[in-house]
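Visitor: Spelled out from the first residue to the last, the chains are:
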Amino acid sequence: MTALIELTGITKVLKGQQQPRTILSGVDLAVQPGESVAIVGRSGSGKSTLLSILGLFDRPDEGSYLLDGRDISRLPERKAAKLRSSHFGFVFQRFFLLKHLTAAQNVSMALVNGQGWLPRRARRARVLQALEQVGIAHLAKNRPARMSGGEQQRVAIARALVREPKVLLADEPTGALDTETGTAVIDALLSATTRGCGLVLVTHDRDHAARMGRTLDLVDGVLTQRVNA
Amino acid sequence: MRRLSGRFRSALIIGLQGIRARKTRTLLSMVSLFLGVLAVVVVQAGASIADKALLSDIELTSAVDGTTIIGMSMQPKATAVVLDTVHDRPDAVAMLGLAAIIGEPNVAPVNPGASPFDENWGGGMVCYGNGPCEPAAATAPPGQAVEVRLTAMTADVRPFRPLRPKAGQWLEFATMPSMAPRLVVNLEAAKGFERYKVPAEMRIGGATTNITPQFVGVVDDGDMQPRAYVRLDELNTWLPSANLADPNTGGEMQVLVSQGSPVQQVLTAKLKGIGAETWIETVDAKKQMESELKLLRLVFLAMAGLVLLIGVAGILNVGLATVGERVEEFALRRAVGTPRMLLAGIVLAETLLTGLFTAAVAIGVSAAGLKAVSVLLGDSEPFLQDMQFPWEAGIAGIIAGLVAGVLGGFVPALRAAGIPIATVMRA
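Those protein sequences? They're chains A and B, same order as listed. Using my numbering, read the first sequence as starting at 1 and increasing by one per residue. Using my numbering, read the second sequence as starting at 1 and increasing by one per residue.
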């Protein structure tokens with residue numbers, strides 16, 4: 001079976017400083033459809049850089065990146081933007097909700113991005129469906145200021161899910177939440193894997209990592225498998 | 001095409017959301033741009049109004065644009081040829097200029113030579129009954145009489161020269177000729193008849209008798225000399241065509257011919273045939289007007305452009321500050337797949353919409369201002385009466401708003417498109 005994501009020998013060197021620093025060194029990673037993978041590691045170990053490369057925010061200096069068997073390591077920005085829209089959903093530690101927009105409008109942002117056009121009615125239906133998926137459809141008209149942290153992160157998850165991505169990339173999504181709320185957010189993320197969406201979760205939280213199918217340790221730019229207890 | 005339409009709509013939706021979210025900043029941008037756009041609108045409106053006023057004045061004193069004026073001195077043969085050629089033609093009218101004295105017989109008119117009433121040009125003629133006229137001699141006793149230039153027309157002159165009615169009515173050419181010729185006088189003549197009470201008796205050299213005229217109306221013809229307009233056929237009752245070219249009074253004759261009419265060619269050929277000297281002029285009012293207004297308009301437009309540039313600097317400043325504030329938003333939009341071009345489009349859409357809103361306000365204020373000026377000053381300045389806001393000024397305002405939007409939004413748009421996507425990862 002073709003892996004959803006297949007990284008081989010990914011290397012990233014941080015330039016522009018006094019001495020170039022290798023952030024990722026020959027990283028190999030394969031993620032299957034519906035699989036959930038946690039990446040753990042110390043601060044500065046390169047987790048976010050790896051996620052940036054996975055999400056096509058950044059390019060590797062060496063190695064290959066296959067998405068659905070297609071090499072996308074050297075994709076021009078225009079095509080990368082299109083792939084980000086069609087294949088990826090992103091959830092960040094800070095929710096990045098626009099405070100002047102309602103929850104529904106924030107979710108709709110992923111649909112009004114210049115990559116195809118949906119009529120207003122169809123857009124609204126997709127947005128409500130995504131909010132429903134994370135259990136906050138009743139908050140559709142609320143602005144972020146009137147929502148709790150957990151609710152705001154769920155809006156961010158709904159925004160990531162609204163285009164029905166193939167891969168969900170989450171960078172410390174529970175970092176700003178209490179344990180109970182964080183668990184609920186992880187539940188929402190895991191529910192997406194049931195319909196074949198791959199999930200890559202970068203986290204410091206061992207408990208949340210343990211709920212993933214696999215946990216990988218990133219130490220000094222090298223990825224190693226950890227056996228979940 | 002469909003993709004472009006989707007991006008255009010996306011830019012518009014997000015741009016409007018941005019404007020609604022930052023009302024104060026949008027207002028500040030509009031304030032900085034308002035004076036510039038207003039200046040452009042006012043200059044363009046002023047130029048259009050001046051164009052119309054000047055064109056209207058040129059048409060009043062000369063003829064409508066494109067009309068050919070054929071002039072000649074009045075000789076019996078030439079007069080007969082002209083009257084024969086223009087008879088019953090809608091595309092040409094002959095105007096015969098005569099001297100006429102209205103008032104007491106055998107007296108020197110108060111304005112010899114049909115001079116304006118507040119000036120004295122000297123000279124002029126005194127006509128004795130239906131006999132010959134002589135130069136007004138110093139010995140002629142001053143009396144209650146007014147001398148006017150009399151313009152006798154073969155047809156209605158107004159399609160060629162839009163005289164402005166001021167009182168009463170204009171001459172009716174469709175009716176039977178009246179035995180008492182109907183006169184329409186100009187403003188200067190009306191001033192004279194208001195100032196001097198004279199008997200209604202008109203003397204013209206070559207007339208079979210003194211004529212009793214009817215005054216039916218007053219027009220503004222832009223002439224500083226007192227003048228009266230009359231139907232030629234009504235005058236012919238008392239002044240046969242053979243006597244029109246009176247050797248004592250002389251007189252001039254003009255034929256106004258519409259653009260493209262064959263009358264010009266026929267008439268000049270006929271007049272050449274009898275050896276009559278003519279001068280021909282085609283009215284090109286717009287060209288004349290353009291040369292008069294061009295420099296003035298350029299100077300004012302340059303000044304308006306300068307004010308607009310200051311407005312652009314304002315919108316640029318606010319735009320840069322706004323992009324700086326929205327770095328995370330733009331990075332996030334890129335993360336969810338928004339292309340760089342669309343990010344630039346969003347910023348440009350915001351500044352363009354701001355420019356358009358400003359243009360709408362400036363146009364509204366200008367139109368309201370013009371209406372107020374028209375109401376307040378219309379009585380003293382007739383050309384301001386019923387003045388409509390010129391559509392050219394509206395178009396100029398919209399273009400100025402759009403140009404300012406593009407200029408003011410260009411650099412912020414480039415900045416927005418260049419925001420690194422990793423900003424959201426590092427936050």
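Just so you know, the hints here were simulated from the structure itself, not pulled from any lab data. Glycine included, C-beta positions come from ideal geometry on N, C-alpha and C. Warning: the hint list may mix true and false statements.
Where chain B lies over chain A, by a calculated footprint (3+ residues, C-beta under 8 angstroms) [unchecked claim]:
{"#": "1", "segment": "21-34"}
{"#": "2", "segment": "45-58"}
{"#": "3", "segment": "108-122"}
{"#": "4", "segment": "142-151"}
30 angstroms max Cα-Cα, derived DSS-like pairs, lysine-lysine [stated by the list, open to error]:
{"#": "5", "chain 1": "B", "residue 1": "Lys77", "chain 2": "B", "residue 2": "Lys197"}
{"#": "6", "chain 1": "A", "residue 1": "Lys166", "chain 2": "A", "residue 2": "Lys141"}
{"#": "7", "chain 1": "A", "residue 1": "Lys99", "chain 2": "B", "residue 2": "Lys23"}
{"#": "8", "chain 1": "B", "residue 1": "Lys52", "chain 2": "B", "residue 2": "Lys191"}
{"#": "9", "chain 1": "B", "residue 1": "Lys23", "chain 2": "A", "residue 2": "Lys141"}
{"#": "10", "chain 1": "B", "residue 1": "Lys294", "chain 2": "B", "residue 2": "Lys272"}
Visitor: Each hint should be assessed against the structure and marked as holding or not.
Guide: These are the hints, each one checked on the structure:
1. 21-34: violated (count 0)
2. 45-58: holds (count 6)
3. 108-122: Coverage by chain B holds for the segment 108-122 of chain A (8 residues, Cβ < 8 angstroms).
4. 142-151: n = 0 at 8 angstroms, threshold three: violated.
5. B:Lys77 with B:Lys197: violated, 38 angstroms
6. A:Lys166 with A:Lys141: holds, 28 angstroms
7. A:Lys99 with B:Lys23: holds, 14 angstroms
8. B:Lys52 with B:Lys191: Given pair Lys52 of chain B, Lys191 of chain B holds - Cα atoms ~27 angstroms apart, limit 30 angstroms.
9. B:Lys23 with A:Lys141: holds, 21 angstroms
10. B:Lys294 with B:Lys272: violated, 39 angstroms
Hint check: violations occur at hints 1, 4, 5 and 10; the rest are consistent with the structure.
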